[in-house]
Amino acid sequence: MYSQILLNGLMLGAIYACIAVGFSLVWGVLNVINMIHGAFIILGGYITFFAWLHFKIHPFMMILPVAVLMFGLGYILQRGMINKVISKPVLTTLTLTFGLEMILYNAMNLVFSATPRRIALDMGSLKLGELLLSVDRIASMVLALTLTGLLYLVLRTSKIGRAIVAVRMDRDAASLMGINVKEIYAITFGIGAFMAGACGALVAVVFPISTSLTGVFLGKAFVICVIGGLGTVPGALVGGLTLGVIESFAGYWLGPQNAILIGFILMLVLLVVRPTGIIGKKGYE
Amino acid sequence: MKSQRIGYFIFFVWVALLALSPFIANNYIVKVSTFLAMYAAIALSWNFIGGYAGYPSFATAAFVGLGSYSGAILQNAGIPMLMAWFFAAVIVVIFAAGVGRIILKMKGHYFAIGSIAMVDVLSHTASSWASMTGGGEGLNVKIMEGGPDFAGMVFLYTMLAIMLAAFITTVIVDRNRLGFGLRCIQQNEDAADMLGVNVMRYKLIAFVLSSVFCGLIGAAYASWVAYISPIDAFSILLTLKAAVMVLLGGAGMIFGPIVGSAALVIFEELIWSKFLDLHHGLFGLVIVLLIFFLPNGLLKIKWRRSSRESGDNS
Amino acid sequence: MKLFSSIVLFRTAKALLGVAVVSTFMLGAASAQTIKIGTPLALTGGLADEGKKQVIAYDMWLNRVNAAGGIDVGGKKMKVELVRYDYQTSEQRAQQLAERLIVEDKVDFLLAPFGSGHTKVVAGVAERYGVPVVATSASSESIFNQGYKNLFGVLAPNTGSITNLLTLIGQSQPNVKRIAILGREDVFPKAMATTMNELAIKAGYQVQSMEFYPVSTLDLATPISKIKALKPDWIYITGYSKDLILARKQMADLNVTAPVVTMITGPVYKEFIDALGKQAENVTSASWWHHSAQLTGDDPWGSTKAFYDEFVAREKQDPDYVHAASAAALVALQKAIEKAKTLDKTKVREALATLDIKTFYGPIKFGPNGMNTAITGLPIIQVQNGQPVPLFPQAVQKGTLRVFK
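Chains as they are written, first to last, in this note's numbering: chain A, 1 to 285; chain B, 286 to 599; chain C, 600 to 1004.
The set of hints was computed from the structure by calculation and includes no laboratory data. Misleading hints may appear alongside valid ones.
Unchecked claim - The calculated DSSO-like cross-link candidates involving lysine-lysine, where the alpha carbons are at most 27 Å apart (straight line), are:
1. B:Lys559 x A:Lys88
2. B:Lys559 x C:Lys957
3. C:Lys877 x A:Lys56
4. A:Lys182 x B:Lys390
5. C:Lys904 x C:Lys964
6. C:Lys957 x C:Lys676
7. C:Lys676 x A:Lys56
8. C:Lys651 x B:Lys427
9. A:Lys127 x C:Lys877
10. C:Lys915 x A:Lys56
11. A:Lys182 x A:Lys84
12. C:Lys651 x C:Lys869
13. C:Lys869 x C:Lys676
14. A:Lys88 x A:Lys182
15. A:Lys127 x C:Lys964
As the list claims (entries may be wrong) - Far from chain A, by Cβ distances over 12 Å, these chain C residues were calculated:
16. Ser815
17. Leu819
18. Ser840
19. Lys946
Yeah, the Cβ is synthetic: ideal placement off N, Cα and C, and Gly gets one too.
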């Protein structure tokens, strides 16, 4: 029983990690709390769903196109708007992204309507001894981990990636070293949207999505960032997996009504005791 | 100083208008006036911690919700309405002091997250502690006797009273060492600390001040509406609106929250009814425009320019 | 300084002017010759999907009634105007809206918004003003427990459908003895869970577990795994469509099954069946109305079939109980007005309280707390071959219960 609960938690956690990684990166590097993140995920999900519904394109095929589309959207938003207020206090950027989120939400409601949608792939379950794994969740988990892993590699090894990390560590020093910080910001925000879009495509297979979920996903992303640590891919991964497992076990021992509560309490405790999270490097304050 | 005096004058005219609304306008206007007072009070509360101290707190929703539930539970236990409101405020203050001590140690984004977490923790607690709070079913409060006109007036004056109390407190704080200290903390916390400002104490006071009026509002609101439920009592949107109102009007100023809240409520009233499908997006658009064209708020821009012109520091 | 003061002055004056403009504009807009009914709708927010259903039903009724010249008010026919606003699935807005509709728009009567909690809030405002409110989608006793005299609801109380469910299962599956309950922590779904708990125990079932999941849950794997370990004969889950879609899917993932699986109220809605495809098969549910009912009544349609035909022609899909109940609420108001022969709110309220009519939706007669106690034949349905098929009561039965193997 426990191993099934653990497995449930890990599968959920991988998706959580994917939800959070884009958000975490933007926060860590740009020092911006991107309130649009949840809406990006849902948008990615809707595009994937309608591509499946009308054109019969398999959702896993849509991951890349959707993600690239979202990258473009994110890049433009950042370059065009968010960059203008990037040096203002926390609240300003947060409020701006909040306002943008409201516009996007309204647009999605008008275009897609709020009916819950799900891509029913019905791929069945795998049996591993006593454990049951649903194939679409495993596939999503694998894809989520792959994307996250790729992102990590990109950050670690590519020139752009290292520039992003440099900006994250010390913006002014990076600028002095000749890095075009504005460009890096835009690219990072784009990557955040990219991951959100990809995640949305995966999520549409696993959960029924609707515009009412934008806030829920955003909330999860917050908690995961705090638990795992800001701005790093391992942080989002650890945070996501931890949250998934904790919610599963808390749900088992304390009942489902307390599962989510425990997650938030854990977040609060960590904020006090170790604000940089489990992995934590020094994030922005 | 003259500008301040004119400001006070306009403010009191505004309050008088609101107070007279039951006699010069219909009940719907009275309701709008009540909401104006309520939002102004919430904005003023937020201004203490977000405007003066510069700490982006999202705990407003937590305080209002806690006030609502405390007030409702106490009233249901038989305590008379006004006393229930008072005790609800006390509970909220104790909560704010306790939690504040912990999360005020954090800065910037982390503090913001901690405050959001408070809202979520309280919301989920209200949802799962069903024996106390009714859980998802929500909580009934006995509806006040007296018919709509009377009830309308009672709650209008309640909210106005809370707003005035918050306003007066703001004026006192603004003029007092606390206000100065908070502004220093916002500019540079470490420097303020070195200069001898008792940083933690000031922040805590600001945080608690930002909670007490919200608690009262929450309790009064529960009595007004006669029914509360976890999701609506702890709405993050409320906190965000508080921040937007203060930003709109001018943070860290006495009149900022008043102007901002009035502008926002009236704007919402105008578009909400006319643009059924688009009001949400329009509101978002307003926020976006606000950030770009009025990043420091209505009052601040002109104020700075005028003070440069006139060369004094009122 | 001068600039400051004049800006503040200007700003305030503008704001005041705005209030004045709004109020005079609104106050002036009175229309004496129509009956105004306020309809708060959830067009945005968590219940936006459900709000849409109400809009369709309201429009259908409005068109019919106005095409016939309107409602007969003591010999004079008056047309109806529906005043609608989006209450954004927010309690605060619902309250504000109710007051606005009553005071500004001067509506004669109100319909309740879709959400249970929001219904209570609107009812509170209406009670103060003495404006009758008819609820279209409120079936939990707790909504009607504030002693309000002006609140009426056309849906039968929850107990009715649960009793029927227990009767059906008891009769056709006597071997089913153990039931596991999982409910959403929210007014209506929770009520359906606790009522089932109560009545099942009375009927001799063993309730192995009853748990509640919070509103923002994204994953039900854990409670479902727990249920699996209990090996129940009957799995009973309540929630809104997206929760139930998730639950059913995760049951399939984790290979959790039982002879009888009931979900309230997903399977009666098209979106549930669409989203789940094959996995929706054999799930049972309770409804408050089924379109195959052969009812006739004194209402703009006259028969269930007429309503069904018009709906299908318009929407190209079958109506569910939300559509029917929404229209029925307006029918109840209509009949009450006709009976009272006036638009006087007190008299219409009395007429509602003593109403006893038959409609395409079913009989409507409000009990002391405002709930419709006249309907007894609440249908139990099961998804068979992609369609919700009524199994009970006999009057609407079109199929027999299938069990999961």
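Verification of the supplied hints:
{"no.": "1", "hint": "B:Lys559 x A:Lys88", "in the structure": "violated (34 Å)"}
{"no.": "2", "hint": "B:Lys559 x C:Lys957", "in the structure": "violated (38 Å)"}
{"no.": "3", "hint": "C:Lys877 x A:Lys56", "in the structure": "holds (18 Å)"}
{"no.": "4", "hint": "A:Lys182 x B:Lys390", "in the structure": "violated (31 Å)"}
{"no.": "5", "hint": "C:Lys904 x C:Lys964", "in the structure": "holds (22 Å)"}
{"no.": "6", "hint": "C:Lys957 x C:Lys676", "in the structure": "holds (22 Å)"}
{"no.": "7", "hint": "C:Lys676 x A:Lys56", "in the structure": "violated (53 Å)"}
{"no.": "8", "hint": "C:Lys651 x B:Lys427", "in the structure": "violated (32 Å)"}
{"no.": "9", "hint": "A:Lys127 x C:Lys877", "in the structure": "holds (21 Å)"}
{"no.": "10", "hint": "C:Lys915 x A:Lys56", "in the structure": "holds (23 Å)"}
{"no.": "11", "hint": "A:Lys182 x A:Lys84", "in the structure": "holds (10 Å)"}
{"no.": "12", "hint": "C:Lys651 x C:Lys869", "in the structure": "holds (13 Å)"}
{"no.": "13", "hint": "C:Lys869 x C:Lys676", "in the structure": "violated (38 Å)"}
{"no.": "14", "hint": "A:Lys88 x A:Lys182", "in the structure": "holds (14 Å)"}
{"no.": "15", "hint": "A:Lys127 x C:Lys964", "in the structure": "violated (54 Å)"}
{"no.": "16", "hint": "Ser815", "in the structure": "violated (5 Å)"}
{"no.": "17", "hint": "Leu819", "in the structure": "violated (7 Å)"}
{"no.": "18", "hint": "Ser840", "in the structure": "violated (5 Å)"}
{"no.": "19", "hint": "Lys946", "in the structure": "holds (39 Å)"}
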